[in-house]
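Whenever a hint applies, use it, and build me the whole structure from the sequences.
Protein chains in written order, with our numbering: chain A, 1 to 305; chain B, 1001 to 1277.
Be a bit skeptical, because a hint or two may be false.
[What the hints assert, rightly or not] Distance windows between CB atoms, simulated: (1) B:Ala1172 <-> A:Ala37: 28 to 38 Å; (2) A:Lys143 <-> B:Met1189: 34 to 44 Å; (3) B:Leu1106 <-> A:Arg224: 22 to 32 Å; (4) B:Ile1261 <-> A:Gly70: 52 to 62 Å; (5) B:Leu1253 <-> A:Arg301: 44 to 54 Å; (6) A:Ala76 <-> B:Val1075: 37 to 47 Å.
Keep in mind the hints are simulated off the structure, nothing from the lab. Backbone N, C-alpha and C define an ideal beta-carbon position, used for all residues, glycine too.
Read off the chains here:
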Amino acid sequence: MTKAAPRQAAHWQVFKTHFVEPLGRWIYIIPLLIVNAVVIIIPSVSGILYAFTDWNGTTEANFIGLDNFGRLFQDAVFFRAFINNVTYTGIFLIVPIAVGLLGAYLLAGIRHGQVVYRLLYFIPYMFASVINTQIWRYLLHPKHGVGAFLADHGITFLDFAVFGRRSTALYGIVFVDGWHTWGFLVVLYLAAMTQVDKELYEVARLDGATRLQQFRHVTLPSIRPTLIFSMLIIFIGTTLVFDHVYILTGGGPAHASEVMSTYLYTQAFENFDVGYAASIGVILALWVSVPLSIFYVLRRRGWQI
Amino acid sequence: MLKSGREHSTIPNHVILMTLAFIAFMPIAILFMNAFKTTAEIGRNPLGMPSEWHYENFTEAWEVGRYGTILRNSVVITGGTIVGTLILAGSGAYALARLKLRGGDLLTFYFLVGTSVPAQLFIVPLFIMWRNFGLINTQLGLIIIYCGLSSPFATYLLRSYMVSLPEEFMEAARVDGATNWHIFRHIIMPLSWPGFVTAALVVGLSSWNEFLFAVTFLTDPSLKPISTGLFAFQSRYSRDWGLTNAGAVIMILPIIILFLILQRRFVEGLTQGGLKA
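Given below as structure tokens:
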């Protein structure tokens, strides 16, 4: 009895330090981990597994190896969707970023009214996709919109159904999405530009640098981390784009504005080809992870990007 | 003198900035103006000010679009998501920031990159899982999904807030024998409320606007939130611009008002990711 008591106490001590005390800390994060596991991690792992099956969502699934991926590489619609995504991303990396940089640089150079401009530019970014599409479906309507207005004044290049033509549907969608995004970039870049050391501009000015040269040699290098980061989030956002395409054209006409996400959606929820849809999801995840991993590896190595 | 003489004029700046403001603002103004026009007037005067302000579109949208119901649904879903996310992320962030967890750094890293797992990878299996759980066409089901989607970001945001709080308060409390819960409830939470407000705004805005999961997981018209409710409305009354514009105005008015009041916090929260870089 007298011998066992301290041993039990020791056991209790071990139990307490290795179980009770950690539990008292972990209990704060366990609910968060469970919800994340249920909503994101478990379904993501299932998604990867489904990609190697021919499952239709209800009956038995068969393991079919890489067949879904083989099918994808021969699927002309998927190829079209991939090219459309690349086009989407390419335009987005140029136009909204250029407008964002222009707006931010000009805003950084004024003293009065900065707050009001920033406010106006940022409002469209707060809008849901259904709002942006409501606004621009009207403004790009051949009968009521800007095109009709211009046509009344003799300028007839925009008085047609932008979203109804195979040659213009995708660009119309990119435009609407870009209108929604550029103001956010202005605000993002402006915040970075106001951090730039004023003396650098002073020195450049004394050296006789023009405004363009100052922008090129002082502003751009100074905000590079923010710029690179914005390109990364644009790459991800445009690769995964769904809402604007689904609402404006549904990927049509005749797949002209199809993107990978809308194609995945059709395969999963209209054709019930769950395995095939899952393989598109895997390709999307891989494609997004390329710049993401480069970014993190370079950051880890201490690159100032 | 020399310096001011070399300063550039800001007039060209204002010309371009006003053009940009026009591009951002005019489409919104036209959306609002057309919400107050009759269909006949939209035909005659598609882009200008309404000659007479009509409110019928709003009352009609309220009745035929069942806006009372979908607004209530949106408030329930958004409110539930904000509360759920702040509880999950707030306590999780506290554990990551202040309680020494083994593997805590790894978890923090997960919450940083966890937001970049594309929904396209998991939406289909999640749908099947939710079907088996009987959570399709329930608002609770969508709220749980939104909590899962927004909690990594909120956790990261709140963690960085809590890490920056001064150590002394907590040390003093610990010396006095305070428990983890006491420290969380009476020291961390009151001190990090600005972080909670910012997180609530970002999470609230994204669930108010969310479309993909809402259109997939809630198909029953009486359960739909405003984003997919408006989408259904647009498809049904696509030619009635006054009516659908009124529906859109009802959806964005609360956002614009809230934004005008809490502008700084919205901008801070939504650009957080960018500024950290």
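Checked hints:
1. Checking the proposed 28 to 38 Å range against Ala1172 (chain B) and Ala37 (chain A) shows it holds: the Cβ atoms sit about 36 Å from each other.
2. Against the hinted window of 34 to 44 Å, the Cβ-Cβ separation of Lys143 (chain A) and Met1189 (chain B) comes to about 56 Å, which falls outside the hint.
3. In this structure the supplied range 22 to 32 Å holds for Leu1106 (chain B) paired with Arg224 (chain A), their Cβ-Cβ distance being about 29 Å.
4. The beta-carbon spacing between Ile1261 (chain B) and Gly70 (chain A), approximately 55 Å, falls within the hinted interval of 52 to 62 Å.
5. Checked against the hint of 44 to 54 Å, the C-beta distance between Leu1253 (chain B) and Arg301 (chain A) comes to roughly 48 Å, which is consistent with it.
6. Between Ala76 (chain A) and Val1075 (chain B) the CB atoms are about 45 Å apart, so this pair conforms to the stated range of 37 to 47 Å.
Of the numbered hints stated above, the single one contradicted by the structure is hint 2.
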